[in-house]
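These protein sequence lines map, in sequence, to chains D and X. Mapping of the first sequence onto numbering that gives the first Met the number 0: residues 0 to 342, in sequence order. Mapping of the second sequence onto numbering that gives the first Met the number 0: residues 0 to 292, in sequence order.
Just so you know, these hints were derived from the structure itself, not from any lab. A couple of the hints might just be wrong.
As the list claims (entries may be wrong) - DSS-like mimics (lysine-lysine), calculated; alpha carbons at most 25 Å apart, straight line:
hint : chain 1 : residue 1 : chain 2 : residue 2
1    : X       : Lys72     : D       : Lys18
2    : X       : Lys174    : D       : Lys47
3    : D       : Lys18     : X       : Lys229
4    : X       : Lys107    : D       : Lys18
5    : X       : Lys72     : X       : Lys55
6    : D       : Lys47     : X       : Lys177
7    : X       : Lys72     : X       : Lys107
8    : D       : Lys211    : D       : Lys197
9    : X       : Lys72     : X       : Lys229
10   : X       : Lys229    : X       : Lys107
11   : X       : Lys55     : X       : Lys107
Unchecked claim - Simulated DEER-style distance windows between Cβ atoms:
hint : chain 1 : residue 1 : chain 2 : residue 2 : range
12   : X       : Phe99     : D       : Arg88     : 55 to 61 Å
13   : X       : Lys229    : D       : Lys18     : 28 to 34 Å
14   : X       : Pro44     : D       : Leu92     : 26 to 32 Å
15   : X       : Asp102    : D       : Gln38     : 16 to 22 Å
16   : D       : Lys18     : X       : Asp67     : 24 to 30 Å
17   : D       : Lys18     : X       : Glu245    : 45 to 51 Å
18   : D       : Gln56     : X       : Thr160    : 33 to 39 Å
The structure presented is a predicted model; accordingly, all values stated were derived computationally and were not measured. Note that CB positions come from ideal geometry on N, CA and C, so glycine has one too.
Residues per chain are reported as follows:
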Amino acid sequence: MERERDLTDYRDRLLNAVKAGTRRSACGTSDSIQVFVNQRRVGLLDGKGVEATLQVQTDVRIDSVQLRSEDGVLLGGLFAPEYGFRTSRIPLLRETIELRVQNYAQGGSVSAVSFPAPSFWHRARRALVGVADSTAPRPVAFAGSGMRAIAFTQVLLAVALVGLVADRTTGWMTPVRPPLPVTQTEAPWAAPLAEVTKLGQQLVELSRMQAKAVETIQTQQQGMAQLQRTMAKLSSTQETVASSVLTVKQEMEQRRKGAGRDADRVTRVIMSKAHNAQEQLEAEIHSLTVANDRLSNELSQLDQNNQELKKRLKSAGVDVSKATIPDREKPIVAQQSDTAQLP
Amino acid sequence: MTPIGMEQISGREQTMQDCTAALGRLEQVVSITEEFDRVVSQALPILLDRATNSTKRFLRETGQWGDDVAHEKFALRWGAEYLEQFLVAGRSEVPCRPLFLLDSIVAKQHSRPEPFYYHPDLLTPLGRLIDGLVSRAAISRDALIALYHHCFGLGPGQVITVLGLTGPAGQRIYKNFKRWRDSGWQRTMDDMGITESDAQDLCSQLQRHHQQSNNEAERIIRIAQAHYRKSEPDHYPCLSRRQWEEMFLEGYSSDYRIWHLALCLDCFTAAWDLGFRGATAIEKPRVEFHVRP
Chain D
0 MERERDLTDY RDRLLNAVKA GTRRSACGTS DSIQVFVNQR RVGLLDGKGV
50 EATLQVQTDV RIDSVQLRSE DGVLLGGLFA PEYGFRTSRI PLLRETIELR
100 VQNYAQGGSV SAVSFPAPSF WHRARRALVG VADSTAPRPV AFAGSGMRAI
150 AFTQVLLAVA LVGLVADRTT GWMTPVRPPL PVTQTEAPWA APLAEVTKLG
200 QQLVELSRMQ AKAVETIQTQ QQGMAQLQRT MAKLSSTQET VASSVLTVKQ
250 EMEQRRKGAG RDADRVTRVI MSKAHNAQEQ LEAEIHSLTV ANDRLSNELS
300 QLDQNNQELK KRLKSAGVDV SKATIPDREK PIVAQQSDTA QLP
Chain X
0 MTPIGMEQIS GREQTMQDCT AALGRLEQVV SITEEFDRVV SQALPILLDR
50 ATNSTKRFLR ETGQWGDDVA HEKFALRWGA EYLEQFLVAG RSEVPCRPLF
100 LLDSIVAKQH SRPEPFYYHP DLLTPLGRLI DGLVSRAAIS RDALIALYHH
150 CFGLGPGQVI TVLGLTGPAG QRIYKNFKRW RDSGWQRTMD DMGITESDAQ
200 DLCSQLQRHH QQSNNEAERI IRIAQAHYRK SEPDHYPCLS RRQWEEMFLE
250 GYSSDYRIWH LALCLDCFTA AWDLGFRGAT AIEKPRVEFH VRP
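Produce the complete structure using the sequences and hints provided.
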């Protein structure tokens, strides 16, 4: 029971915190705003009443962008698209933050611009300046120029009304003059009525202009949306084409590398075979040389033996020839000795 | 059946019918942001429960669930976190079906390698408090500065000296301290589900077992810092004593000093006396955990 109550209390506290939203922040208008990309702090927007910009480039794809006050309260943010860009205007207490996030094939970028909220007179002045400058070609947003046109129309309406009221007030405040003799055409109400009618007509015309301006803005916004869609489509097509080109290049490279590898392998095989054959040949030559040497030795030895044998044979021949003569004499001697021994 | 019982049953039926109707609206396409805000604001409890149940399911399926209050609060906390992100950034997804958009946001978070930091030691009362303080420091400068007080008991003047800050940067520290004391600490306690009696218990525990509790706090602070330091800018890694010395002497990168030294006990210990410019012999700091601001 205790556990259930504890959990219910906690759940209620969290719900209240979520409902309170940005009101939970205790930060003032002079405090900076932290910018987080993929839940990592990347910088500060430190406007303090003037326009401030923060540009961030990342190597990784961007998932989310968050704006937080110095006390950590989530003020705004957006999820980044898979490819292409997305913008969002986040109105805060005293400023508006314009976020623009874009993802490429590799990495992404974030731009955060803080615009201080202008006062009424500032807005009116900007509207007038904007209309005055509208003749000069400038790369401004369509929606922005539309808003200026509306503001200008509102200012004109306000000026017209102020003029009307001032005219009436002046009429009432002015001391009554003695009646002058006038003709029927110079009746006292004739002139103001004409002016009122004229002003009325002007007001109608201004309202018509305003309606037309609103229509134009809507058309321009539709055009912008279509343009954005087309750009996103174009961007994704471009990405696809780029990735296809990359794939083809990679395949070509792989094939080239593959062909090169085959040739290398064949060459290596042939070379190794040739090397082996060469080694075998060298070994055989070596063994032949060795055998040749051995044979030469043996031959020389045989030659020497032969020489010796020849010498021996010669000497033996000489001995034999020497020995033949005494031998012929010897038997006689023997015969002589034998005869001597016989009595 | 008594009339009270009948009333209760009819009340429950009515709630069920309302819930079904709200779910039906959330499943339909909303075309403009005003419609998104209206439909979503009428169904916040339903959306919170849905995000919480998804988180519970994720914890169960990844073997991180325990059937206790700490886990229930953990799931509720992350459910509320997802809901807050959905409310703020979901407007940029219009036209959409809000219910399915919330489901996709939660699923996308859970598909990440580490959608949130789950550690059993961060589910104890002390762990939850430290987790709340350090996780808050990752998104709030007030909480970041307050870490110097909660971990080491430093006041604003000491923080300015230790970090070697000058001029407006120093003035901001006083502002951060004030705002943290006024509302930041209490909001963090509320967000983490730490009640007044929990805070009281922790204070008495720190008083009774001072050294043991501080050792335990240091261990948990290191665990939490290691995770949440990832949220600081890419180019804020740990530095050597010599590099810190150079930075303090030259006086650049005050933001680096403020961020990194609050979230890294080792670097804080290494760079501790650099802000004093050798004026006094200062002992190395030790964790002296403070529950209250």
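Do the hints match the structure? See the list:
no.	hint	result
1	X:Lys72 x D:Lys18	holds, 19 Å
2	X:Lys174 x D:Lys47	holds, 16 Å
3	D:Lys18 x X:Lys229	violated, 29 Å
4	X:Lys107 x D:Lys18	holds, 24 Å
5	X:Lys72 x X:Lys55	holds, 10 Å
6	D:Lys47 x X:Lys177	holds, 20 Å
7	X:Lys72 x X:Lys107	holds, 21 Å
8	D:Lys211 x D:Lys197	holds, 21 Å
9	X:Lys72 x X:Lys229	holds, 24 Å
10	X:Lys229 x X:Lys107	holds, 19 Å
11	X:Lys55 x X:Lys107	holds, 15 Å
12	X:Phe99 x D:Arg88: 55 to 61 Å	violated, 25 Å
13	X:Lys229 x D:Lys18: 28 to 34 Å	holds, 30 Å
14	X:Pro44 x D:Leu92: 26 to 32 Å	holds, 28 Å
15	X:Asp102 x D:Gln38: 16 to 22 Å	holds, 20 Å
16	D:Lys18 x X:Asp67: 24 to 30 Å	holds, 28 Å
17	D:Lys18 x X:Glu245: 45 to 51 Å	holds, 49 Å
18	D:Gln56 x X:Thr160: 33 to 39 Å	holds, 36 Å
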